[in-house]
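Numbering (this note's numbering) for the sequence shown: 1 to 382.
Simulated from the structure, these hints should not be mistaken for laboratory data. Some hints here could point you the wrong way.
[As the list claims (entries may be wrong)] Derived BS3-like pairs (lysine-lysine); straight-line CA-CA distance at most 25 Å:
{"#": "1", "residue 1": "K188", "residue 2": "K199"}
{"#": "2", "residue 1": "K18", "residue 2": "K190"}
{"#": "3", "residue 1": "K357", "residue 2": "K254"}
{"#": "4", "residue 1": "K79", "residue 2": "K228"}
{"#": "5", "residue 1": "K270", "residue 2": "K228"}
{"#": "6", "residue 1": "K208", "residue 2": "K254"}
{"#": "7", "residue 1": "K203", "residue 2": "K188"}
{"#": "8", "residue 1": "K79", "residue 2": "K190"}
{"#": "9", "residue 1": "K322", "residue 2": "K18"}
{"#": "10", "residue 1": "K203", "residue 2": "K254"}
{"#": "11", "residue 1": "K188", "residue 2": "K270"}
{"#": "12", "residue 1": "K228", "residue 2": "K18"}
{"#": "13", "residue 1": "K270", "residue 2": "K199"}
{"#": "14", "residue 1": "K190", "residue 2": "K203"}
{"#": "15", "residue 1": "K18", "residue 2": "K79"}
{"#": "16", "residue 1": "K190", "residue 2": "K270"}
{"#": "17", "residue 1": "K228", "residue 2": "K254"}
{"#": "18", "residue 1": "K190", "residue 2": "K254"}
{"#": "19", "residue 1": "K228", "residue 2": "K190"}
{"#": "20", "residue 1": "K361", "residue 2": "K254"}
{"#": "21", "residue 1": "K208", "residue 2": "K188"}
{"#": "22", "residue 1": "K199", "residue 2": "K18"}
{"#": "23", "residue 1": "K322", "residue 2": "K357"}
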Amino acid sequence: MIRFTADLAHIPMDRQMKSRMMISFYHENFRRIAVLAPVLLAAEIILYVMPGRLFDYHAVILPFLLANVILIPAVLLVKRNLNRLNPLVIRIVQMTYALSVLLLGVFLSLESMGIVDFVHMMLMAMIAVATFLTFTLLCRTILFSAAFMVFVFFLPQYQPDPDIRFVVTANVFVFGLLCWLLSLIQFKGKVRSFVRHQKLLDKSSELKLMAQRDSMTQLFNHEASFDKLHEEIERARRIGYPLTLVITDIDDFKQINDQYGHQVGDRVIKQIARTITSQMRATDIVGRYGGEEFIMILPDTDESAAIHLIERVQAAINEAQKSFGFSVTLSGGISEYQGESIDMFIRLTDEKLYDAKTSGKNKFISQMPEKFSKLIKSPQKT
Numbered sequence: 001m002i003r004f005t006a007d008l009a010h011i012p013m014d015r016q017m018k019s020r021m022m023i024s025f026y027h028e029n030f031r032r033i034a035v036l037a038p039v040l041l042a043a044e045i046i047l048y049v050m051p052g053r054l055f056d057y058h059a060v061i062l063p064f065l066l067a068n069v070i071l072i073p074a075v076l077l078v079k080r081n082l083n084r085l086n087p088l089v090i091r092i093v094q095m096t097y098a099l100s101v102l103l104l105g106v107f108l109s110l111e112s113m114g115i116v117d118f119v120h121m122m123l124m125a126m127i128a129v130a131t132f133l134t135f136t137l138l139c140r141t142i143l144f145s146a147a148f149m150v151f152v153f154f155l156p157q158y159q160p161d162p163d164i165r166f167v168v169t170a171n172v173f174v175f176g177l178l179c180w181l182l183s184l185i186q187f188k189g190k191v192r193s194f195v196r197h198q199k200l201l202d203k204s205s206e207l208k209l210m211a212q213r214d215s216m217t218q219l220f221n222h223e224a225s226f227d228k229l230h231e232e233i234e235r236a237r238r239i240g241y242p243l244t245l246v247i248t249d250i251d252d253f254k255q256i257n258d259q260y261g262h263q264v265g266d267r268v269i270k271q272i273a274r275t276i277t278s279q280m281r282a283t284d285i286v287g288r289y290g291g292e293e294f295i296m297i298l299p300d301t302d303e304s305a306a307i308h309l310i311e312r313v314q315a316a317i318n319e320a321q322k323s324f325g326f327s328v329t330l331s332g333g334i335s336e337y338q339g340e341s342i343d344m345f346i347r348l349t350d351e352k353l354y355d356a357k358t359s360g361k362n363k364f365i366s367q368m369p370e371k372f373s374k375l376i377k378s379p380q381k382t
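Working from the sequences, and respecting the hints, build out all of it.
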């Protein structure tokens, strides 16, 4: 038994996942309590105003009604502020309400002792707590132990016969133990379900991320780059900050492939991707827009700031190309967003890239009055 319960109580997950799991359980508990509490309160009010035909239960129901005047507002308040409260406060409120339900069952059973012997009232309360609410091993042990000890402590006042007391106590103990085990199994099932769900979410996120990435460079691919640009345009419109787009291309890349081979060409693309990324800020977005074409989305960046960033990129490319043994340069277009459509924004930038290519390469052209051309002295290709 000890080994069985220990195995069930074990949760094979890291601390962060366990914290997320418990928060999800807290949310579920409060959703159920928010439904259960008003229904149970209404039932108790109806019973209280009705005459007790079998036994006088009014003395038991009244304290429960008074306690609910405090507990129900507390439950609703905690439910509304669940993500901001200390987990200990959340557990205390949940356990207090669950204990009040158990004690209601305990004293209804005790009051009926020797008259109609409604001991099943306590058993029903135990089943309700075990099946409707999710608690950890420690919390459920405290709850069921407290209810059982209160029952045993007050039982002699309601049942003087020691033989009957023994039988009733044994029955309640066995049933309480079964309820405790039931809640334990339920908890373990919820844990497994949560872990499976998290693994599916993680796998889904992983697959989604893989679908957005270029397999060679791990940059955003063409489709994801387009989506990111659309998001940044919407954000720029909403917030009102500048947004600049850069589309760049490796000069004479076909010649590199033809002369040095595709493996060297792939190495050049990877190195260019790493070099560009190394010069970006955390908020900037870099994507592989085509074969040897890259896109840079620069939020909260005007054209002038983008030009300075491109100067850094070209300087870094000039340094990185030393490892190749031949010249590698970039040409590109720079456009600051002016409210046009996303297709027009890309088209204008692409036209500047074309102008840079046809006017000598190794340069970037912007919308500024003078064309921006930062030529870098590079070793000539051999």
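So, going through the hints one by one against the coordinates:
1. K188 x K199: OK: K188 and K199 at ~16 Å, within 25 Å.
2. K18 x K190: holds, 12 Å
3. K357 x K254: With a Cα-Cα distance of about 14 Å, the restraint between K357 and K254 holds, given a limit of 25 Å.
4. K79 x K228: Given pair K79, K228 is violated - Cα atoms ~36 Å apart, limit 25 Å.
5. K270 x K228: holds, 21 Å
6. K208 x K254: violated, 32 Å
7. K203 x K188: Since the Cα atoms of K203 and K188 sit roughly 22 Å apart, the hinted pair holds (cutoff 25 Å).
8. K79 x K190: holds, 20 Å
9. K322 x K18: At roughly 50 Å apart (the allowed maximum being 25 Å), K18 and K322 break the hint.
10. K203 x K254: violated, 38 Å
11. K188 x K270: Between K188 and K270 the Cα gap is close to 47 Å, so the pair fails against 25 Å, i.e. violated.
12. K228 x K18: violated, 33 Å
13. K270 x K199: With a Cα-Cα distance of about 31 Å, the restraint between K270 and K199 is violated, given a limit of 25 Å.
14. K190 x K203: holds, 20 Å
15. K18 x K79: Roughly 20 Å between the alpha carbons, so the hint for K18 and K79 holds.
16. K190 x K270: violated, 45 Å
17. K228 x K254: Violated, at about 28 Å.
18. K190 x K254: At roughly 57 Å apart (the allowed maximum being 25 Å), K254 and K190 break the hint.
19. K228 x K190: Violated. K228 to K190 sits at ~37 Å, over the 25 Å cutoff.
20. K361 x K254: holds, 14 Å
21. K208 x K188: violated, 30 Å
22. K199 x K18: Status holds; Cα separation ~13 Å.
23. K322 x K357: holds, 23 Å
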